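Trainee: Chain by chain, the residues:
Protein chains: 4
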Amino acid sequence: MAKEQEHQLIGEYPSLPKQKRALQKRLALLESGRTLFIEKGWEQTNAKEIAAHAHVATGTFYRYFKDKRQLLMSIIEDYVDKIIPPELNWTNNDPISYIAQQLETHDCHFQQLGLQKLFPELLKDQQINEIIKENQTRIHKKIMQKLETAKEQGLSWTDLDSSITAWSIMSLSASIIEINQYQPNKTNYVELAKIICRLIFPPEVLEKLIESNSTSQHTS
Amino acid sequence: MAKEQEHQLIGEYPSLPKQKRALQKRLALLESGRTLFIEKGWEQTNAKEIAAHAHVATGTFYRYFKDKRQLLMSIIEDYVDKIIPPELNWTNNDPISYIAQQLETHDCHFQQLGLQKLFPELLKDQQINEIIKENQTRIHKKIMQKLETAKEQGLSWTDLDSSITAWSIMSLSASIIEINQYQPNKTNYVELAKIICRLIFPPEVLEKLIESNSTSQHTS
Amino acid sequence: MAKEQEHQLIGEYPSLPKQKRALQKRLALLESGRTLFIEKGWEQTNAKEIAAHAHVATGTFYRYFKDKRQLLMSIIEDYVDKIIPPELNWTNNDPISYIAQQLETHDCHFQQLGLQKLFPELLKDQQINEIIKENQTRIHKKIMQKLETAKEQGLSWTDLDSSITAWSIMSLSASIIEINQYQPNKTNYVELAKIICRLIFPPEVLEKLIESNSTSQHTS
Amino acid sequence: MAKEQEHQLIGEYPSLPKQKRALQKRLALLESGRTLFIEKGWEQTNAKEIAAHAHVATGTFYRYFKDKRQLLMSIIEDYVDKIIPPELNWTNNDPISYIAQQLETHDCHFQQLGLQKLFPELLKDQQINEIIKENQTRIHKKIMQKLETAKEQGLSWTDLDSSITAWSIMSLSASIIEINQYQPNKTNYVELAKIICRLIFPPEVLEKLIESNSTSQHTS
DNA sequence: AATGAATGAGACTTCATTCAT
DNA sequence: AATGAATGAAGTCTCATTCAT
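Chains as they are written, first to last, in the UniProt record's numbering: chain A, 1 to 220; chain B, 1 to 220; chain C, 1 to 220; chain D, 1 to 220.
Just so you know, these hints were derived from the structure itself, not from any lab.
It is possible that part of the hints are untrue.
Stated by the list, open to error - Derived Cβ-Cβ restraints for the label pairs, each shown as a range:
(1) C:Glu211 - D:Glu204: 19 to 25 Å
(2) C:Thr137 - D:Gln24: 43 to 49 Å
(3) A:Ser74 - D:Gln24: 37 to 43 Å
(4) D:Glu178 - A:Glu31: 58 to 64 Å
Please read all numbers here as calculations on a predicted model, not as lab measurements.
Idealized CB from N, CA, C, for every residue including glycine.
Take the sequences, apply the hints, and build the full model.
Mentor: This is the structure we're talking about:
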């Protein structure tokens, strides 16, 4: 803001189109909201503070957001996919390292957003709840289909229910965040990946998969 | 007030009711609080309503509870162990049916309490959070020890990290509630139990365990 | 309850029973509201001020009144009959002095209430508007009936429409307030009464009425 | 702003628009304001809406009007004479039909403006109040003078106070609007005119006046 | 001149908690 | 102990008006 104003006085306006500047204020509010929600908690943060922290007037807050909740909604809108366990895709890869990497990415995103503390609050919102549920269902379906395919190809366990296995995989994926809180360790990703793989592949199959993928990578 | 508090431990009730009627009022308030919190949500319920619903005066509320939060704390105090994933003990049992039954019990308790809706609120409370964390850690330790023992006895997988496996088991146990919400089914308990067992025992071990236990049960 | 409480403590409290005290607060708020509305105007007065002026907390205001408007409603509720033109009854009286006296009473009430300034505001309220309209219609009906009777008895003009005359009488009655503002004078009441009488009685009839009433009063 | 105001008379427009387009905007705002005030009420209408309805920006509103109130003032400025009871002039006419026609004209104007709903608001404005009062006084004076003249010529009642009669006539004239609301009827104008005439002329005088005027009209 | 985003004072209201009875 | 009226801080949100472009 300081920079901008320097240019204004001199007369060479950066001349950001109105919409863009407005967009910036909106973003400032979003960021300010996210920061404060994480820092002080949802209930402990009020619209006035969010506005002040974003260096705008209270009224401006209400130009862009109906209320505090809508701000929260907007904050997570773009990140819905990141607060949802990753869609694990193990085909054509070394499953363990692939999954481990996915877990790490998911965990990083989540941590970066600092949304852990907001998560409970999010769940209260029916709309958000629905979005999350839909995504969960969608992902569950994809994972299940892959499990079925794998089963048909004789790659996976035959005695486990695909649907429950899919939910389990999702649950385990999500748990990486909690595990890292209790017991932070770089190897958690790999270890959890191994566990997830155990739910999918019998050990001998997994070995072959790793082998073949590492070979193909070698050749390629 | 200062005086009174000197005589009290923090978190204790403003006055320990010794008479029956008083105890009844306290219980009425607890029940009233639980009902309303579940029905309308924590924030949407106020002290006046809780008191009214319990057929006492607003002021009486504060004779039994320091504030609204303490009421919530008291509500869950007795149930902390029930909102925590069960401590799975598979020794000397058919692991699958034993775990399945544990899952069912846990799920039932949880559902009955209707605490799902309060859970997010609970997590905000540092004190409760700590209690939960402690319990989690304690349970994790126990499970891990059993896993280690099992490993030593050659009963369990040797390539999985015991600690992460223990967390995974806990995570899966807790996920039964969510799974039942997405896909209600009586067999979920058994299917999830199978999955948990897969993380512990190689299939051939599990078979033997089941066999021996059913035999031992026959003989006994 | 009031009695009981007097005996509880030494008994020398002003010890107004709860209800009574509450009622007093309510009255204080009503009076405070009336005063401030008249003094500063409706829009310029807010709930906080009304409460402060009545020496109660803001919240107390909202225990007794839903909002500012409801306070206003309550203020005038009891006075609705006083802000409505008087119901003129001239039978068996010296019409002029009777009407003059009625006008004076009405004017005094109105002035005392200081409601002139609030009147415009009152009219905005639909509910109040309806009450006023109903009363107006009721009074109009009564006056008209009397006019009809008088006409039948040959006491009143025969060429004037009773309904319009009734409205005119009401309008003139109400106008005393305005007239007194423009041109304050003790004789206004009598002069306006004369004018109203002119709309009802031909001069010769009026004379006889006055005469006979004054005679009957002498004899009685 | 300070500078600008120095060059302006209080109550004058921030800038006197000299160009056609500007004038049009001003008119659009006036019309927009009038419409919305009537439709939604004074308090319920805000500057933003008025501007939007006139297809100009919010800021433009304040180029033409100091504030919302000034807009209202400007709206009625041209119509002040129309919200004031008509100046009844009965000389050289059939008084009844003349007055009836005046009443109708007044009523029509008033209705057309839709100012009934704004009236209460107008009265709050001191400036407007004064204008109205001045006009009322002026009209009252004129009517009274005519009454005095009539009295001298032996045309009117001798026992009625001219001043009060004048106020009464004004009050009755104004009441046509209310009467029409309660009891809409085309003949109201004539009937009320008759009543007003009764306050001025004794029946026999009125008859003669009507006769002579109709004759004179015939001859002319 | 015109624009419309920005401002911020302040209105209204709720409710956890206290206190007089 | 019990009562419920009273408190008043704190929150949400509006809108007349200003201001940068």
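Trainee: It remains to establish, for every hint, whether it holds in the given structure.
Mentor: Hints versus structure:
| no. | hint | verdict |
| --- | --- | --- |
| 1 | C:Glu211 - D:Glu204: 19 to 25 Å | 23 Å, holds |
| 2 | C:Thr137 - D:Gln24: 43 to 49 Å | 46 Å, holds |
| 3 | A:Ser74 - D:Gln24: 37 to 43 Å | 40 Å, holds |
| 4 | D:Glu178 - A:Glu31: 58 to 64 Å | 60 Å, holds |
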